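The listed protein sequences derive, respectively, from chains A and B. At position 13 of the first sequence (counting the first as 1) the number is 13 in this note's numbering, and the numbers step up by one without a gap. Convert by adding 1000 to the 1-based position in the second sequence; the result is the number in this note's numbering.
Everything labelled a hint here was simulated from the structure, so no lab data went into it. One or more hints might be untrue.
BS3-like mimics (lysine-lysine), calculated; alpha carbons at most 25 Å apart, straight line [stated by the list, open to error]: (1) B:K1085 / B:K1476; (2) B:K1085 / B:K1241; (3) A:K278 / A:K95; (4) A:K67 / B:K1085; (5) A:K281 / A:K71; (6) A:K321 / B:K1326; (7) A:K281 / B:K1476; (8) A:K67 / A:K241; (9) A:K71 / B:K1326.
As the structure is a prediction and not an experimental result, all values here were calculated from the model.
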Amino acid sequence: MMAGMTHVLDPTALGDLPGPPPRGTPDAFADVTRSDAAFRAFLHGLPGVDQVGAEARAAQLGTRSIKTTAKAWAIDTAISMVDLTTLEGADTPGKVRSLAAKARRPDPTDPGCPAVAAVCVYGDLAGVASDALAGTGIHTAAVATAFPSGRASREVKLADVRDAVANGADEIDMVIDRGAFLSGRYLDVFEEVVAVKEACGSAHLKVILETGELRTYDAVRRASWLAMLAGGDFIKTSTGKISPAATLPVCLVMLEAVRDFRAATGVQIGVKPAGGIKTTKDAVKHLVMINEVVGEDWLSPDWFRFGASSLLNDLLLQRQKLRTGHYSGPDHVSVD
Amino acid sequence: MSLFEYAPAPESRSIVDLQPSYGLFVDGEFTPGQGTPLKTVNPATEEVLSEIAVGTDADVDRAVRAARRAFTRVWGPMRPADRGKYLFRIARLLQERAREFAVLETLDNGKPITESRDVDVPLAAAHFFYHAGWADKLDHVGLGAAPRPHGVAGQVIPWNFPLMMLAWKVAPALAAGNTVVLKPAETTPLTALLFAEICQQADLPPGVVNIVTGAGDTGRAVVEHPDVDKVAFTGSTEVGKQIARAVAGTQKVLTLELGGKAANIVFDDAPVDQAVEGIVRGIFFNQGHVCCAGSRLLVQESVHDEVIASLQRRIGTLRVGDPLDKNTDIGAINSAEQLARIRELVDIGEAEGAHPWQPAGELPERGFWFKPTVFTDVSPAHRIARDEVFGPVLSVLTFRTPDEAVAKANNSTYGLSAGIWSEKGSRILSIANQLRAGVVWANTFNQFDPTSPFGGYKQSGYGREGGRLGLRAYLKES
């Protein structure tokens, strides 16, 4: 029986890693941005997202039971994906340096603990961060483009980006113009992302959609495609300044978007949920979601990040618990 | 070996206190059966779980007499509000002992623990809660001021949702004031017997619920007993027809909930990712052992390749294996007999020219297993498009226009359920009105609720279960 099984879909067909991400819009989609009308027709022609179904699927993935060896692997992987973030008006060079120290050695008692992926700061402190991180392989990410609201002229936004890159940021977290997006001026938003990407030079570009202001999953999918077509290297949920920030269903919709984009263009785009992910349990749910929605190609800091500050300490506490068999407490991890 | 390998996360079976043998539950007590006992096995391991008494005609007669006595002397005359109290008590006990029921159901049936834990047991409790509330409000069901119970209800239930089907049958019967003699399926009697313990724990008067285990002969004795007033059956269409013949010409009232071959219709404007989830839930939930399973996927030709590619990718992530593992998506086939039937129909599908596909991966060596299977290029004339497989086997057909979708969906001897996937509300309403199916789900599938009537058209049976309509099946006008 079953001798004649045919594999309509080669299970590895989508698994081949693409080459380095190209710059700009992939050729196959060059014509969709030729006019406002064409771009609108394209974005509105993407398959809809059923809210109830998407939320049910996210909740279902959240019930996976990740224990023992799987949990240990997940915690270390999550630590290595953290963009350790401080975005306060009160940030100082000293605060950024201490964050950088923590980024290098998150758990001073255990040299086996992985370093985080990046330190994320405002652009004026990017120099402090990149100096403190020199030679570690940890990236310096800077928010730019009039973060968090994005309400400034394009010249100011681009100057913000150039300044951060000149200060040593090798990753730029930009915000899209939500006002323009919600009023349907998609091409304006697209062109701004293209311009920011150009201003980034060799720096990686993460495009913050601020999904808490877009409100619907349909809008999240459209904004994801817009950012990917415009050359963003990562799509990111939120600034962390608006609630709700990262949620599992929003992340699900964005993961489906990067999966579909790679299937259509061969180009792999990263995803970064940011804001509101505070516990190991939350982080593990995200890793399960990556594993089952887009597959293990995204299970690396090159393709997935957590924008977070307090998450790291919970990961460290859970890590210590697994290692020693007992819970310690907040005094066993550093405050930042 | 994948990068992120989930470690085993088995639910402990120590909470279940399995006895080496079980008797019949008659008149409030466990008593031996006179037939040759049956063995019930764990379909995931073929391990014998316990020995089960088999009720003979005489045993069934004893149970029916106990039920009649309880109906005449206790349950019938009881104040409706007091009947409601017993049902509330049973519902709460089901919740308190939920984990025990879930583990036992998974051991006996083979379904994943996540499903018994999150679907079967909570829904069973919900049915008792819902009907408990009805017990003293029967004048509102629409049968006049003081509707009356039929008397003794004989109920025969299947093996796919053993506890949940028990709840669907017992809860409305008791709420309406009937007493019951229930015959669980021969391969899955254990949760019904644990339910008997719950009846004792709730101090339910003896004889109100009687549980007589056994195979087909025991079921026939229940259905054909002359002092049974109302017969309710859920199971195969073939047995349903036999029961209809047996009951014809008697005073018995009959409801039948039989097979299905549901069409799950995906239009080109569907939310594709959610539709794929719904297709998976529709056919692979409970290993496809679901009478309302979405076993015929009707997909619009213009999105066929995209939907099938997404579906296959998604099926590749389903975890088949140990039903007690909390990460298992697909458990064991309930019996060797059912596995043989699935294999036979799949072989016929291949021979008829449809193209089967299965994901990679190994199945456990012991136990009864079948991989999730998708047949493409299925014609409406193929057996796998017409016969109920009752297993994890999906047949994919295509359509071009809404009219064609309706025609193909209705082209079945069954009519239990259907699904529609579209972002267009007006289309959903218009198609739903044209489908000859008892349940039509829009942008979801296999959702159940005690308030919602469930039942079929054509050879899927007659009568409804759940909601006000379901309750009316257990009442007559005053």
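Please name the hints from earlier in the document that this structure breaks, with their numbers sorted from lowest to highest. Violated hints: 2, 4, 7, 8; rest satisfied.
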